[in-house]
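Participant: In order, the protein sequence lines correspond to chains A and B.
For this note's numbering, count along the first sequence from 1 and bump the result up by 29.
For this note's numbering, count along the second sequence from 1 and bump the result up by 29.
Some hints could be false.
Any copy, or any two copies together, can satisfy a pair, since identical chains are not distinguished.
With a Cα cut of at most 25 angstroms, we get these calculated BS3-like pairs of lysine-lysine [unchecked claim]:
(1) K200 - K107
(2) K77 - K87
(3) K134 - K154
(4) K325 - K154
(5) K299 - K113
(6) K31 - K238
(7) K397 - K201
(8) K113 - K31
(9) K159 - K212
(10) K175 - K205
Rather than coming from a laboratory, the hints here were simulated on the basis of the structure.
Number of protein chains: 2
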Amino acid sequence: MKFNKVLKNLSTYEAGKPIELVVREYGIDPKEVVKLASNENPYGTSPKVVKKISSLAKNMYLYPDDSMFELKEALANKFQLDSKNVIIGSGSDQILEFCIHAKCKTGSNVLMAKTTFAMYEIYAKQVGAKIIKTKSSQHNLKEFSKLYKKHGADVIFLCIPNNPLGECLDKKDVYKFLESIDKNTLIVVDGAYQEYASFKDESKKICPKDLINTFPNAVYLGTFSKAYALGGMRVGYGFAQEKIISTFYKIRAPFNITTLSLAAAIEALKDEDFVQDCIAKNFEEMKRYEDYANQKGFEYIPSYTNFITIRFEENLVSKVVAQKLLEKGMIIRDLTGYGMNAIRITIGTNEQNTKLFTLLDEVLEELK
Amino acid sequence: MKFNKVLKNLSTYEAGKPIELVVREYGIDPKEVVKLASNENPYGTSPKVVKKISSLAKNMYLYPDDSMFELKEALANKFQLDSKNVIIGSGSDQILEFCIHAKCKTGSNVLMAKTTFAMYEIYAKQVGAKIIKTKSSQHNLKEFSKLYKKHGADVIFLCIPNNPLGECLDKKDVYKFLESIDKNTLIVVDGAYQEYASFKDESKKICPKDLINTFPNAVYLGTFSKAYALGGMRVGYGFAQEKIISTFYKIRAPFNITTLSLAAAIEALKDEDFVQDCIAKNFEEMKRYEDYANQKGFEYIPSYTNFITIRFEENLVSKVVAQKLLEKGMIIRDLTGYGMNAIRITIGTNEQNTKLFTLLDEVLEELK
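Construct the complete structure from the given sequences, taking the supplied hints into account.
Facilitator: Structural data, given as structure tokens:
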């Protein structure tokens, strides 16, 4: 059977290894496995959310409310938008798909940083679009401008702050750049980690309302998978002017969100104290990673997220370090696939981080 | 902003109205609203599934196991397949998308019955494919053959049994037809209601293993949303030979299923007694609808599913009947959008069906 040509050389996204896999492959007691690989909120799900899920489980024979009225209203209220400016996705991932499917086809140009969220490229390639990347790994708006002038673009992806590196553009620089972009280019501002960045440094904060009012061609993406501690529930959202949102609705499959995911997200929005508390702890713990890296003489990228990227010199191979940690039950992310000799570690709880330092010490000793 | 041309004239799928909407719009007590519109299993979620969901809710901060190892194994065991023949989707809907995205582009031909599941056409149009439909509303394989010989097709959709009409092709006729189809045409056998059809009549039963072994170009689709009573959890599956499945994997977004959905589906598969019991009750209650229709002189389509389609003569307008029932808190599906003066009613519990007959009597009286 012949399939669409564009699929021929596509690679599939490699997700962070789940705990279940390590248990199966290395026979490690699940209680001993620590996963600091997928930038989840390590402080667990809000107890209010857990209660809500349990109370609704008996209704799962019914389809979800496909209008998503309540969640859209809750998000609109929080961000002072109209619910017509809101679309809900199975993770903000799915809104990335909507962006690509709405704007791109074979031969379209998609502009992004060299090292950024892998799905931008994967979704773009699925429709045959051409990927244009900066030479710099981290977001460099001068390079973005040069490439845009040279090639144009149907979609531009800005990951603010950037995953998997952790750096973050300033809001004022982003705005200045966006002013130079043609209104027929779709600008995607991926704010999956914005809660962290704006907590650490106000100058990084992107206000979705102001963004989409200032730039009618912008889409702002947010997620419940990170600070809101709902990675397992798959809920993200997109904000944009109504014309863009209504086009996305033409692409969205009905019932793209489970009933429990909708309810969990609504409940999570009510528990802001929990979220803010988790973010504060995140940056306290982040300091321990910076100290550790300094102590060992490792270079790290100052991070505005809930993870940290540590680079190695030639004497250490990130792939080997990650594998050895995995065999000890510690799951982190190797960035070899992104062309870097580096590892990305999610900032865990105090206890998890202590364990990481201990095991990494062991691995470094073994590799001496 | 200009979007892809194919999106211009697309319509969006109109889902069955959720109970929440009727409560909001007509101010009816949610306890009084009955939804017989989306072919859910009216006997509720298996208590074992409810227990499982509650026990796992606290882990929702972690991403799902994207390998979906356990659910794929469970399905493979049940259907005597290898897990390489299995892909999981956010409802079988998502596998329909995979089929279209793998095979179709602008100008592709997609063949289907005139009145069948609306998403076949919507997904096909999203990529600019041309829709070829039989003249007959119900599946007519002679017409399928003629149209196939004339136009060819990249994808053929067979809904066995058919939603929203309820009729069901015989397995032997399906096989005979499929033998005449070129191996480069993807054949999609949508078995969303197969559990019902094969319970009622063994000659309707399609064995997925035999189907994909006999026809390397066939995909079998199943769902947990109907007999397995998990409409709110969004889990469906596709079975095919490995070459097809691995291509679908290139299109699938990571983490397309929530953790609770995976767990619920695994648990639901363990509770076959519950499912069989629900199906038996379904056909007992269906008899009441047939009797009711006969009594009133309404024509109905003999159904192999958990719903029944009742046609009206010119003296009744299905849209009006459905609206009047809605205002009384009874949600059913009007088929005007499918070009028919007919309503589709999901077979509910004994009590729900009694209520339907009472309210429909009232409506018929009012419309006299």
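Participant: None of the hints should be skipped; say for each whether it holds.
Facilitator: Going down the list of hints, with the structure as the test:
For a Cα distance limit of 25 angstroms, the shortest separation of K200 from K107 inside one copy, 20 angstroms, qualifies, whereas the shortest one across copies, 54 angstroms, does not. For the identical chains of this complex, K77 and K87 are neighbours both inside a copy (18 angstroms) and across copies (10 angstroms), given an alpha-carbon limit of 25 angstroms. In this assembly of identical chains, K134 and K154 lie within 25 angstroms of each other by CA distance both inside one copy and across copies; the values are 9 angstroms within and 15 angstroms between. In the homo-oligomer, the alpha carbons of K325 and K154 never lie at most 25 angstroms apart, since the shortest distance is 40 angstroms inside one protomer and 57 angstroms across protomers.
For the identical chains of this complex, K299 and K113 are intra-copy neighbours only, at 21 angstroms inside a copy versus 42 angstroms across copies, given an alpha-carbon limit of 25 angstroms. In this assembly of identical chains, the alpha carbons of K31 and K238 lie at most 25 angstroms apart only when taken from different copies (22 angstroms versus 45 angstroms within one copy). In this assembly of identical chains, K397 and K201 lie within 25 angstroms of each other by CA distance neither inside one copy nor across copies; the values are 45 angstroms within and 68 angstroms between. For a Cα distance limit of 25 angstroms, the shortest separation of K113 from K31 across copies, 19 angstroms, qualifies, whereas the shortest one inside one copy, 40 angstroms, does not.
Within a single copy, K159 and K212 get their C-alpha atoms as close as 20 angstroms, which meets the 25 angstroms cut-off; across copies the closest is 31 angstroms, which misses it. Proximity of K175 and K205 under a CA criterion of 25 angstroms is satisfied intra-copy only: 14 angstroms inside one chain copy versus 60 angstroms between copies.
Hints 4 and 7 from the earlier list are contradicted by this structure; the remaining hints agree with it.
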